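Trainee: Sequence:
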Amino acid sequence: MREKQSVAAGARATEQDAGGEAGARRHHYSAGISACEKADQWQPALALLIEMWEAKLEPDVISYNAGISACERGEQWQRALALLSEMRAAKLEPNVISYSAGISACEKGEQWQWALALLREMREAKLDPNDFSYNAGISACEQGEQWQRALALLSEMRAAKLEPDVISYSAGIGACEKGEQWQLALVFLSEMCGRRSWNPTSSSATALGPARARRASSGSGR
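Just so we're aligned, residue 1 is where the sequence shown starts under the UniProt record's numbering, counting upward by one.
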(Lines of atoms letter the chains of each structure in order from A and count residues from 1; the text may use other names and numbers.)
(Lines give C-alpha, C1' and ligand atoms only; values in the text may rest on other atoms or scores of the structure.)
Protein backbone atom coordinates (compact mmCIF):
# COMPACT_ATOMS: atom_id res chain seq x y z
CA MET A 1 0.00 0.00 0.00
CA ARG A 2 2.75 2.38 1.01
CA GLU A 3 4.64 1.49 -2.15
CA LYS A 4 1.61 2.38 -4.29
CA GLN A 5 1.20 5.68 -2.47
CA SER A 6 4.84 6.59 -3.00
CA VAL A 7 4.59 5.71 -6.71
CA ALA A 8 1.47 7.89 -7.06
CA ALA A 9 3.18 10.76 -5.22
CA GLY A 10 6.21 10.41 -7.45
CA ALA A 11 4.02 10.53 -10.55
CA ARG A 12 2.28 13.67 -9.31
CA ALA A 13 5.63 15.31 -8.59
CA THR A 14 6.84 14.43 -12.08
CA GLU A 15 3.69 15.93 -13.61
CA GLN A 16 4.11 19.09 -11.55
CA ASP A 17 7.77 19.39 -12.61
CA ALA A 18 6.78 18.93 -16.24
CA GLY A 19 4.00 21.49 -15.88
CA GLY A 20 6.37 23.93 -14.21
CA GLU A 21 8.94 23.48 -16.95
CA ALA A 22 6.30 23.98 -19.65
CA GLY A 23 5.08 27.12 -17.90
CA ALA A 24 8.61 28.50 -17.72
CA ARG A 25 9.21 27.79 -21.42
CA ARG A 26 5.88 29.39 -22.32
CA HIS A 27 6.89 32.46 -20.33
CA HIS A 28 10.20 32.67 -22.18
CA TYR A 29 8.47 32.44 -25.55
CA SER A 30 5.96 35.12 -24.55
CA ALA A 31 8.80 37.40 -23.46
CA GLY A 32 10.51 36.83 -26.81
CA ILE A 33 7.32 37.64 -28.74
CA SER A 34 6.86 40.78 -26.66
CA ALA A 35 10.47 41.82 -27.38
CA CYS A 36 9.83 41.38 -31.11
CA GLU A 37 6.66 43.46 -30.82
CA LYS A 38 8.54 46.31 -29.12
CA ALA A 39 11.20 46.16 -31.85
CA ASP A 40 8.53 46.33 -34.60
CA GLN A 41 9.45 42.84 -35.79
CA TRP A 42 6.14 41.14 -36.54
CA GLN A 43 7.60 38.30 -38.66
CA PRO A 44 9.87 36.92 -35.89
CA ALA A 45 6.98 37.33 -33.43
CA LEU A 46 4.74 35.10 -35.55
CA ALA A 47 7.62 32.65 -36.10
CA LEU A 48 7.91 32.26 -32.31
CA LEU A 49 4.19 31.57 -32.02
CA ILE A 50 4.54 28.83 -34.63
CA GLU A 51 7.52 27.42 -32.73
CA MET A 52 5.41 27.24 -29.58
CA TRP A 53 2.82 25.08 -31.32
CA GLU A 54 5.53 22.87 -32.82
CA ALA A 55 7.05 22.43 -29.33
CA LYS A 56 3.62 21.36 -27.99
CA LEU A 57 3.47 24.54 -25.92
CA GLU A 58 0.03 26.02 -26.37
CA PRO A 59 0.29 29.83 -26.47
CA ASP A 60 -1.68 31.58 -23.74
CA VAL A 61 -3.50 34.92 -23.80
CA ILE A 62 -0.27 36.81 -23.04
CA SER A 63 1.51 35.15 -25.99
CA TYR A 64 -1.34 35.92 -28.37
CA ASN A 65 -1.68 39.50 -27.16
CA ALA A 66 2.00 40.12 -27.84
CA GLY A 67 1.59 38.60 -31.31
CA ILE A 68 -1.48 40.69 -32.12
CA SER A 69 0.28 43.83 -30.89
CA ALA A 70 3.29 42.98 -33.09
CA CYS A 71 0.96 42.70 -36.08
CA GLU A 72 -0.69 45.98 -35.13
CA ARG A 73 2.66 47.77 -35.03
CA GLY A 74 3.62 46.15 -38.31
CA GLU A 75 0.34 47.25 -39.91
CA GLN A 76 -0.67 43.65 -40.56
CA TRP A 77 -4.40 43.87 -39.86
CA GLN A 78 -5.30 40.57 -41.55
CA ARG A 79 -2.76 38.66 -39.49
CA ALA A 80 -3.98 40.37 -36.32
CA LEU A 81 -7.55 39.22 -37.06
CA ALA A 82 -6.26 35.72 -37.84
CA LEU A 83 -4.61 35.55 -34.39
CA LEU A 84 -7.84 36.65 -32.73
CA SER A 85 -9.66 33.83 -34.54
CA GLU A 86 -6.91 31.40 -33.50
CA MET A 87 -7.37 32.41 -29.88
CA ARG A 88 -11.05 31.56 -30.01
CA ALA A 89 -10.33 28.24 -31.74
CA ALA A 90 -7.90 27.43 -28.90
CA LYS A 91 -10.68 28.12 -26.35
CA LEU A 92 -8.94 31.28 -25.13
CA GLU A 93 -11.00 34.37 -24.42
CA PRO A 94 -9.61 37.56 -25.99
CA ASN A 95 -9.41 40.35 -23.42
CA VAL A 96 -9.43 44.15 -23.69
CA ILE A 97 -5.78 44.18 -24.75
CA SER A 98 -6.43 41.61 -27.51
CA TYR A 99 -9.37 43.52 -28.93
CA SER A 100 -7.78 46.96 -28.60
CA ALA A 101 -4.67 45.83 -30.50
CA GLY A 102 -6.91 44.28 -33.16
CA ILE A 103 -8.97 47.47 -33.52
CA SER A 104 -5.79 49.54 -33.81
CA ALA A 105 -4.46 47.16 -36.48
CA CYS A 106 -7.68 47.61 -38.44
CA GLU A 107 -7.41 51.39 -38.07
CA LYS A 108 -3.88 51.34 -39.47
CA GLY A 109 -5.10 49.15 -42.31
CA GLU A 110 -7.97 51.57 -43.02
CA GLN A 111 -10.53 48.88 -42.24
CA TRP A 112 -13.20 50.81 -40.35
CA GLN A 113 -15.84 48.09 -40.78
CA TRP A 114 -13.65 45.52 -39.06
CA ALA A 115 -12.70 48.01 -36.34
CA LEU A 116 -16.36 48.60 -35.50
CA ALA A 117 -17.09 44.86 -35.68
CA LEU A 118 -14.41 44.22 -33.03
CA LEU A 119 -15.83 46.96 -30.81
CA ARG A 120 -19.22 45.30 -31.13
CA GLU A 121 -17.70 41.90 -30.27
CA MET A 122 -16.12 43.42 -27.16
CA ARG A 123 -19.49 44.58 -25.88
CA GLU A 124 -21.07 41.20 -26.67
CA ALA A 125 -18.27 39.55 -24.66
CA LYS A 126 -19.12 41.86 -21.71
CA LEU A 127 -15.78 43.67 -22.06
CA ASP A 128 -15.69 47.44 -21.62
CA PRO A 129 -13.69 49.21 -24.35
CA ASN A 130 -11.09 51.59 -22.91
CA ASP A 131 -9.94 54.94 -24.26
CA PHE A 132 -7.36 53.23 -26.52
CA SER A 133 -10.10 51.02 -28.02
CA TYR A 134 -12.37 54.00 -28.69
CA ASN A 135 -9.60 56.21 -30.06
CA ALA A 136 -8.56 53.51 -32.53
CA GLY A 137 -12.21 53.10 -33.57
CA ILE A 138 -12.72 56.84 -34.02
CA SER A 139 -9.50 57.13 -36.01
CA ALA A 140 -10.61 54.21 -38.21
CA CYS A 141 -13.90 56.03 -38.90
CA GLU A 142 -12.01 59.22 -39.69
CA GLN A 143 -9.86 57.41 -42.25
CA GLY A 144 -12.95 55.77 -43.71
CA GLU A 145 -14.72 59.15 -43.94
CA GLN A 146 -17.44 57.95 -41.59
CA TRP A 147 -18.02 61.13 -39.60
CA GLN A 148 -21.38 60.09 -38.17
CA ARG A 149 -19.95 56.84 -36.81
CA ALA A 150 -16.95 58.71 -35.40
CA LEU A 151 -19.26 61.09 -33.51
CA ALA A 152 -21.35 58.15 -32.28
CA LEU A 153 -18.21 56.62 -30.76
CA LEU A 154 -17.34 59.92 -29.08
CA SER A 155 -20.82 59.92 -27.53
CA GLU A 156 -20.37 56.31 -26.44
CA MET A 157 -17.10 57.24 -24.73
CA ARG A 158 -18.83 59.88 -22.65
CA ALA A 159 -21.70 57.52 -21.83
CA ALA A 160 -19.10 55.00 -20.60
CA LYS A 161 -17.64 57.69 -18.29
CA LEU A 162 -14.46 57.92 -20.39
CA GLU A 163 -13.11 61.39 -21.11
CA PRO A 164 -12.22 61.97 -24.77
CA ASP A 165 -8.60 63.13 -25.04
CA VAL A 166 -6.61 65.03 -27.65
CA ILE A 167 -6.45 61.94 -29.88
CA SER A 168 -10.22 61.44 -29.66
CA TYR A 169 -11.00 65.03 -30.52
CA SER A 170 -8.39 65.28 -33.28
CA ALA A 171 -9.79 62.18 -34.98
CA GLY A 172 -13.35 63.49 -34.52
CA ILE A 173 -12.41 66.86 -36.01
CA GLY A 174 -10.66 65.11 -38.90
CA ALA A 175 -13.77 63.01 -39.55
CA CYS A 176 -15.96 66.12 -39.57
CA GLU A 177 -13.58 67.86 -41.98
CA LYS A 178 -13.70 64.91 -44.38
CA GLY A 179 -17.47 64.88 -44.12
CA GLU A 180 -17.60 68.64 -44.77
CA GLN A 181 -19.15 69.23 -41.36
CA TRP A 182 -17.21 72.39 -40.52
CA GLN A 183 -19.70 73.60 -37.90
CA LEU A 184 -19.26 70.39 -35.88
CA ALA A 185 -15.49 70.53 -36.35
CA LEU A 186 -15.44 74.02 -34.80
CA VAL A 187 -17.65 72.85 -31.92
CA PHE A 188 -15.20 70.06 -31.12
CA LEU A 189 -12.23 72.40 -31.37
CA SER A 190 -13.96 74.75 -28.95
CA GLU A 191 -14.56 71.86 -26.54
CA MET A 192 -10.96 70.78 -26.88
CA CYS A 193 -9.56 74.25 -26.23
CA GLY A 194 -11.90 74.63 -23.27
CA ARG A 195 -9.82 72.11 -21.37
CA ARG A 196 -7.12 74.20 -19.76
CA SER A 197 -4.36 71.62 -19.92
CA TRP A 198 -4.89 70.97 -23.62
CA ASN A 199 -3.65 72.63 -26.74
CA PRO A 200 -4.89 71.83 -30.26
CA THR A 201 -2.58 69.36 -31.98
CA SER A 202 -1.05 70.01 -35.37
CA SER A 203 -3.35 67.37 -36.86
CA SER A 204 -6.50 69.03 -35.54
CA ALA A 205 -5.30 72.44 -36.74
CA THR A 206 -4.52 71.00 -40.17
CA ALA A 207 -7.95 69.38 -40.35
CA LEU A 208 -9.61 72.68 -39.56
CA GLY A 209 -7.81 74.54 -42.37
CA PRO A 210 -10.19 73.42 -45.14
CA ALA A 211 -13.15 73.68 -42.75
CA ARG A 212 -12.36 77.34 -42.03
CA ALA A 213 -11.90 77.99 -45.74
CA ARG A 214 -15.36 76.55 -46.48
CA ARG A 215 -16.83 78.63 -43.67
CA ALA A 216 -15.28 81.78 -45.11
CA SER A 217 -16.47 81.00 -48.63
CA SER A 218 -20.00 80.21 -47.43
CA GLY A 219 -20.05 83.47 -45.48
CA SER A 220 -18.88 85.54 -48.43
CA GLY A 221 -21.53 84.00 -50.65
CA ARG A 222 -24.39 85.27 -48.57
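Some hints here could point you the wrong way.
Unchecked claim - Heads up, simulated SDA-like pairs for lysine to any residue below, C-alpha to C-alpha not over 25 angstroms straight-line:
| no. | residue 1 | residue 2 |
| --- | --- | --- |
| 1 | K56 | R88 |
| 2 | K161 | L116 |
| 3 | K126 | E145 |
| 4 | K91 | Q148 |
| 5 | K178 | V166 |
| 6 | K126 | K178 |
| 7 | K56 | E21 |
| 8 | K178 | A89 |
Calculated directly from the structure, the hints in this document are not laboratory data. These numbers come from a predicted model, not from an experiment.
Trainee: Taking the hints in turn, state whether each one holds.
Mentor: These are the hints, each one checked on the structure:
1. For the proposed pair K56 and R88, the alpha carbon gap of about 18 angstroms is at most 25 angstroms, so the pair holds.
2. Between K161 and L116 the CA atoms are separated by roughly 20 angstroms; this keeps the pair inside 25 angstroms, and the hint holds.
3. As the CA atoms of K126 and E145 are separated by approximately 28 angstroms, the hinted pair breaks the 25 angstroms bound.
4. The hinted pair formed by K91 and Q148 fails the criterion: a straight-line CA distance of about 36 angstroms is larger than 25 angstroms.
5. The suggested pairing of K178 with V166 holds, with an alpha-carbon distance near 18 angstroms, which does not exceed 25 angstroms.
6. Taking the CA atoms of K126 and K178, the gap is near 33 angstroms; set against the 25 angstroms cutoff, the hint is violated.
7. Proximity of K56 to E21 is assessed by CA-CA distance (about 12 angstroms); at most 25 angstroms being required, the pair is judged to hold.
8. A threshold of 25 angstroms between alpha carbons decides the hint, and for K178 with A89 the separation of about 39 angstroms lies outside it, so the pair is violated.
Violated hints for the displayed structure, listed by number in ascending order: 3, 4, 6 and 8.
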